[in-house]
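Put chain B with the ligands on the given structure of chain A with help from the hints.
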Amino acid sequence: MPINIIVCAKQVMDPETPVSAFKVDREAKRVVPATGIPPVVNGFDENAVEAALRLKEKAGGGKITILSLGKSFVNDVIKKPLAMGGDELVLLQEDAFEGLDAFTTVQALVAAIKKIGQYDLILCGRQASDYDQAHVPHGIGEMLGLPVISMAANLEVKDGAIHVERKLPDGYEVLEAPMPAVVSVSNELTPVRLPNLRGIMAASRKQPTVWKAADVGLEASALRSGLELLDLFIPVSEKVCEFIDGENDEDKGRKLALRLREAKLI
Amino acid sequence: MAQGILAIGELNEDSSLASVTGEVLAVARKLAGATGAQVSLVLLGKNASQRTKEAIALGADKVWVSEAEVLHENQIEAHLAALAQVCKAADPQVIVAGKSLFGRDLAPRLAFRLRVPLMQDCIDVNTDPATKRVVAVRPVYGGNANARVASPVDPQFVCVRPKIFEALPPNPSRRGEVVQAPVSVDASVVKVKRVRRVKEEATGVKLEDARVVVSVGRGIGGPENLPPFQDLAKALGAALGASRPVCDAGWLDHSFQVGLTGKTIAPEIYLTWAISGASQHLAGCSAAKNIVAVNRDPNANIFKEAKYGVVGDWKKVLPSFTATVKELVGS
Ligand SMILES: Cc1cc2nc3c(=O)[nH]c(=O)nc-3n(C[C@H](O)[C@H](O)[C@H](O)COP(=O)(O)OP(=O)(O)OC[C@H]3O[C@@H](n4cnc5c(N)ncnc54)[C@H](O)[C@@H]3O)c2cc1C
Ligand SMILES: Nc1ncnc2c1ncn2[C@@H]1O[C@H](COP(=O)(O)O)[C@@H](O)[C@H]1O
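Protein chains in written order, with my numbering: chain A, 1 to 266; chain B, 1 to 331.
Same shape as in the complex, but just chain A:
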């Protein structure tokens, strides 16, 4: 049985941007992208793409549609899921999508999902590494009235149902839901394949479908976040580190232990 999957993937600032290059424009309440560090596809969303590819391979066919919402996209970046093996890319693009919160992002994604129409599964990453909400997949499920399972480490279709393995602090569990369903995928679903040359070539020939808000029945001027952002700032640590000195590293190790004993910590 072929399987149709929509994977929601977000373009985000590279989360491995060094702390020293991380800047905030407090006036505009926005993060200033570090120069020379290109954005990336949200890491967990690549895990979701990987999951989709494995399910499609197992099913022996189907279609994987990548859906991304944002203000602007870097072509080479957002095409990566296609280069990995995705079939189609839908970009939901509008200036007003900048900095939207989960509440409104979900309304727009759901409108696009309805327009895409046919799907057995909607896959997301467990969280987007910009706002770290882990909120959107749950919202999509609620708005569409579908079951939601978060944090998948493995997925499998069995008798028309989706089986999802999730890690727990003391082991793991397998949950089952009827399809269609929404599943968010975690970084335990590895390895994520790298695009190969053929995939990159195929992706470069594909044109994304670009929709504006109006194309999915939304009014761009009416889009605003559900939450008010009052302030965005870099937290300052008041902690002062006491560096343990010594003649050499061995000596420092010994002195560290003695200092911790003195402080009654060990």
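Hint data in this document are derived by calculation from the structure and do not stem from the laboratory. The beta carbon of each residue, even a glycine, is placed where N, CA and C say it ideally should be. Check the hints yourself; a few may be wrong.
Straight-line Cα separation of at most 25 Å, DSS-like style, residue types lysine-lysine; simulated pairs [as the list claims (entries may be wrong)]: (1) LYS255(A) x LYS326(B); (2) LYS158(A) x LYS199(B); (3) LYS114(A) x LYS191(B); (4) LYS158(A) x LYS63(A); (5) LYS193(B) x LYS239(A); (6) LYS206(B) x LYS264(A); (7) LYS56(A) x LYS193(B).
Per label pair, the in silico range of CB-to-CB distance [stated by the list, open to error]: (8) PRO228(B) x SER237(A): 26 to 36 Å; (9) VAL210(A) x ASN290(B): 46 to 56 Å; (10) LEU168(A) x GLY237(B): 48 to 58 Å; (11) PRO228(B) x ALA263(A): 18 to 28 Å; (12) GLY237(B) x MET1(A): 48 to 58 Å; (13) ASP248(B) x GLU262(A): 30 to 40 Å; (14) VAL77(A) x GLY204(B): 49 to 59 Å; (15) SER72(A) x ALA249(B): 50 to 60 Å; (16) ARG194(B) x GLU98(A): 35 to 45 Å; (17) ASP248(B) x LYS23(A): 33 to 43 Å.
Relative to chain A, chain B with the ligands alone:
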């Protein structure tokens, strides 16, 4: 008119009160302190009514309980349906939930079911003195920045990060009211079913509860270098933890991972070895009382959060440290 604060409680598998319940009650009391609002707690599940005294001692003025069979397990759809009903009946101005394992699925969905925005994963929560509305602080960009947010609509829904807020000391003389929650949930709402649950009991001290944690980063080089750290952990009666690259590489299982997408811990002493201190790692250990860092890079970010630091090569620092610890602990 919406009024009062509704905290969402949670029961453990054995029907004991989950620790996050004390934390959400403390947050609710803090918010109530500014406005004099009533704090209610909703407690759903097997033997919920046996926990109401404890909940009142921890700060609830009123407890909504239901022991309906369909709520006996923490099954998400059943609890969502019930909570939506309780929220309708209670009509709160503020809802406080905790981002526990269960809460992190529950709160986002309940917010959408109530069609209100969610202040997710908050680490500080206050009442604006002028507007009397909730203002919450939540880390974004892996903890590189903090956002201060507010919700313009009621109920204002906050979900707090676990282990950040401390439960109030129980006060057994507090008085409160217990009411049956108006819950009617048909079992047919349950779509997600558990097929299997496998427990892999870790040996030794549990990472989440440990007083001392010895944690290793990518800089240890490889799994062959783990034994001396395990030896140190044993000498200190400590649990072992790790940064994400260590787990992603398979040197240790993901259950050892500390951080934004790993475990949140709050030990007395967090001893890190060759961990750079990325914000996503610190997100899981910022509540540690004393961070100790060994790193050969004097500019490593971990030193910004550490109380004690050694700039050096762990290969040389560790043997003498462990030897001295053994002498001290033995004596
Ligand atoms: C969405 C998201 C979620 C994430 N969640 C987590 C999470 O939950 N937990 C987590 O840990 N990370 C998480 N990360 C990853 C995080 O951003 C960092 O990449 C990671 O924490 C780095 O791990 P590390 O410090 O072990 O490795 P590195 O950053 O590579 O640091 C290694 C350190 O070892 C030091 N070192 C090397 N050799 C020696 C030596 N011989 N002696 C002493 N010191 C030495 C180096 O100076 C360096 O500081 C997440 C990232 C993203 C994008
Ligand atoms: N703008 C977006 N475009 C596409 N997918 C998104 C977007 N925002 C969130 N998602 C999806 O929802 C997941 C969780 O995001 P969040 O709830 O924002 O942490 C992400 O990993 C994506 O799969």
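Results of checking the hints against the structure:
1. LYS255(A) x LYS326(B): Judged against 25 Å, a Cα distance of about 13 Å means the pair holds.
2. LYS158(A) x LYS199(B): Holds - the C-alpha atoms of LYS199(B) and LYS158(A) are around 23 Å apart, at most 25 Å.
3. LYS114(A) x LYS191(B): Measuring from Cα to Cα gives roughly 21 Å; hence the hint holds.
4. LYS158(A) x LYS63(A): holds (18 Å)
5. LYS193(B) x LYS239(A): violated (46 Å)
6. LYS206(B) x LYS264(A): Given pair LYS206(B), LYS264(A) holds - Cα atoms ~22 Å apart, limit 25 Å.
7. LYS56(A) x LYS193(B): holds (24 Å)
8. PRO228(B) x SER237(A): 26 to 36 Å: holds (30 Å)
9. VAL210(A) x ASN290(B): 46 to 56 Å: Given range 46 to 56 Å: holds, Cβ gap about 53 Å.
10. LEU168(A) x GLY237(B): 48 to 58 Å: Given range 48 to 58 Å: violated, Cβ gap about 25 Å.
11. PRO228(B) x ALA263(A): 18 to 28 Å: holds (23 Å)
12. GLY237(B) x MET1(A): 48 to 58 Å: At 54 Å between Cβs, range holds.
13. ASP248(B) x GLU262(A): 30 to 40 Å: For GLU262(A) against ASP248(B), whose Cβ atoms are near 37 Å apart, the range 30 to 40 Å holds.
14. VAL77(A) x GLY204(B): 49 to 59 Å: violated (43 Å)
15. SER72(A) x ALA249(B): 50 to 60 Å: violated (34 Å)
16. ARG194(B) x GLU98(A): 35 to 45 Å: With a Cβ separation near 40 Å, ARG194(B) and GLU98(A) satisfy 35 to 45 Å, so the hint holds.
17. ASP248(B) x LYS23(A): 33 to 43 Å: About 28 Å separates the Cβ atoms of ASP248(B) and LYS23(A), which means 33 to 43 Å is violated.
Checked against the numbered hints listed earlier, the structure breaks hints 5, 10, 14, 15 and 17; every other hint is satisfied.
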